[in-house]
Structure formats: C-alpha cells, structure tokens
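Peer 1: Heads up: the sequence lines are chains R and G, in that order.
First residue of the first sequence: 1, per the UniProt record's numbering; consecutive thereafter.
First residue of the second sequence: 1, per the UniProt record's numbering; consecutive thereafter.
Hints are computed from structural coordinates only; laboratory data are not their basis.
Watch out, some of these pointers could steer you wrong.
[To be verified] So, partial list: chain R residues that the calculated Cβ filter (under 7 Å) puts toward chain G:
id : residue
1  : LEU79
2  : GLN96
3  : PHE97
4  : MET98
5  : ARG99
6  : ASP101
7  : ARG104
8  : PRO106
9  : PHE107
10 : PRO108
11 : HIS111
Quick caveat: nothing in here was measured; it's all calculated off a predicted structure.
Backbone N, C-alpha and C fix where the C-beta goes; we use that ideal spot for every residue, glycine too.
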Amino acid sequence: MKGQEWYQTDEVAEEYDAKRFSRGGRLIDGREKRAVLDALSPLDGKRVLEIACGTGRFTVMLAERGADIVGLDISEEMLQQGREKAKTAGVSDHLQFMRGDAARLPFPDDHFDAVFAMRFFHLADTPASFLSEMCRVSKDQVFFDTFNSYSTRSIYNWALPMGSRLYAESEVLRLLHGAGLRLRREEHDFLLPYGFYRAIPNSVAEPFRDVDRSLGDSTVGQRLSSVSYWDATVK
Amino acid sequence: MKESLMDILCCPLDKQDLELEVVRRDDDEILDGRLVCTECGEEYPIEEGIPNLLPPDMREETPA
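Sequences are here, hints too, so could you generate the full structure?
Peer 2: And the structure:
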C-alpha cells in the first residue's frame, strides 16, 4: 500500500482535513458526500463498512443518518480523530472504528449490506485482492471511486507524495468482473482535477465548478472526467 | 470498542472466533485489552478504545 507510510504520520493526520477541504476542496468534499449518500441511501439500520475511512468524514455522516457502521483504516492517528468526531456527533453507539488490513478483513462472509471505499483504490497496489475482499464481506452492495488515466489528473499525478494509481474504465470493469460484482451505476465527474480546485482561491472555485459541471455532462466530458464513482452489486 | 462488536469480529487470518480479554474499560466500552484467536492464538491489541485487527506482518514493529 503506497499511502501506508505517508498517511500514518501525525502531521499528515492533523492537517489532513484542513488541507484537503479548504477552498475548492469543499466543493470536492460536498460532491463526494453526495455520491456516497446517493449510492447508500436509505441508511436507517443498514449495516455498512467503510474501507480506508481516515478521520471518518463519511463514517460519521452515515452514522448520523442511522447507518450501523464500521470504519476501518490502518492509521491509529486518523481513527483517534474519527473517535472524537463520533463522540461530538453523539453517534458512538452505532459507529465503531478499527484498524485493519483491507485485504484481510476481520469479518465473516456476507455480513454487511454495503461496503464502500472513497479515495482508496488510487492507493491500492493490488486492487483485485481488495475488491474481492470487499465483495466477500458484503451481501449486496460495493461502492468506490477511482481516478481516471485518460484525464487531466495525469498532468500532476506523477508528482503526488503518496503515489496515485489511475484507472481506465476497461480496467475497472475487469476488476468488477473478476471480483464477482455486477455494475449497477456509474458516474463520471471533475473534468478539472482535484488538484486544480485545491489550488484556486475560494472566490473563483464556484464559477469554475459550474463550467466543469456543464462541460462534464457532454459525451466527451464524460470520457475525460478525472473521477468516477462505481456502484456495484454482488452477483 | 463496544463489547457488542464481538458478535461480528473474527480473526483476519483464519476468520475464526476471537476471545476478548479486558484490561481497562469504562461504562460504555473497552479501552484497553486484547482479542485472541481461539484457533491460531494470534493476539490483537485494543488500544485507547480502538481494536487493532492488522495482521502481525502489518503492525508498526514490522513495516510492510
């Protein structure tokens, strides 16, 4: 796992949310939360597992909407922040954080209704093994995002400190098939890559996002989008 | 970690049942302790309320 060392340092964990979700980053955060809610709702009483939950920004949100949720990550520092968030939100009784390896999950087969991972597969060096393990512990849904190889992200992707893997659509479809998953729904967004939104001032973030959205709706825009959301079901 | 989590947790290596040993707890949850696999005997620590189910080859002592 390329991100393993990078994300486990205290400094990275502490600055993680502030750095990621300032400026245009908030637009990204909002879009990702919508993608997760669209895919996983209705949530009340649903058994959910989040892989690579980090500081729990999705985990806590889903717990607040009634999901019975487990957040798994390798970083102790990130999870401790998640625990604080969960306490503040008053959802600790149906949210549990734990450390674990996404390729060797500590759960029996078919336990969860839905298993999802955001910003995870770009850090995965063995995506097939992670996806089949997610499939093993889910009895219905598997949801995740990828960054796309034929997109604007490839401009700066090579320079990222944690390393980042880009996927072609054909590769994702092969992975789904190999894991025993059937694609239910796919969405493609962000013609302008995340790195762009994090770099620009707040005042112009919204206008750029509006243009991005309208161009992204076109056929070419869909093909060149930098982010894809994949909603699959266990065969 | 809530004690109810024992209903779903299993050993990440052989998926067998785990046994809970509590060292420290408060009214709500277990803060420190360990989970021991009833089959292979592997131990998984619970630290500051967070169970560590990383397989032994991925723990800090032996970076992957």
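Peer 1: Per the CB criterion, is R:PRO108 less than 7 Å away from chain G?
Peer 2: holds, 6 Å
Peer 1: Going by Cβ atoms only, is R:HIS111 closer than 7 Å to chain G?
Peer 2: It holds, given that the least Cβ distance between R:HIS111 and chain G is near 6 Å, below 7 Å.
Peer 1: R:MET98 was flagged as interface toward chain G. Is the shortest Cβ-Cβ separation under 7 Å?
Peer 2: holds, 5 Å
Peer 1: Classify the hint on R:PHE107 as holds or violated, based on whether any CB of chain G lies nearer than 7 Å to its CB.
Peer 2: holds, 6 Å
Peer 1: Is the shortest C-beta separation between R:ASP101 and chain G less than 7 Å?
Peer 2: With Cβ-Cβ at 5 Å, under 7 Å, it holds.
Peer 1: Against chain G, with CB atoms and a cut of 7 Å, does the hint on R:LEU79 hold up?
Peer 2: At about 5 Å, which falls below the 7 Å cut-off, the nearest Cβ of chain G leaves the hint on R:LEU79 intact, so it holds.
Peer 1: Taking the closest Cβ pair, is R:PRO106 under 7 Å from chain G?
Peer 2: With a minimum Cβ separation of about 4 Å from chain G (threshold 7 Å), the hint on R:PRO106 holds.
Peer 1: Taking 7 Å as the limit, does the beta-carbon of R:PHE97 come near enough to a beta-carbon in chain G?
Peer 2: Hint on R:PHE97: holds, closest Cβ of chain G at ~6 Å, below 7 Å.
Peer 1: Is the interface hint for R:ARG104 satisfied, with its Cβ closer than 7 Å to some Cβ of chain G?
Peer 2: holds, 4 Å
Peer 1: At a threshold of 7 Å, is the proposed contact between R:GLN96 and chain G supported by beta-carbon distances?
Peer 2: holds, 6 Å
Peer 1: Using 7 Å as the Cβ threshold, decide whether R:ARG99 counts as touching chain G.
Peer 2: Interface hint status for R:ARG99: holds (4 Å vs cutoff 7 Å).
Going down the numbered hints, you'll see the structure goes against none, and every one checks out.
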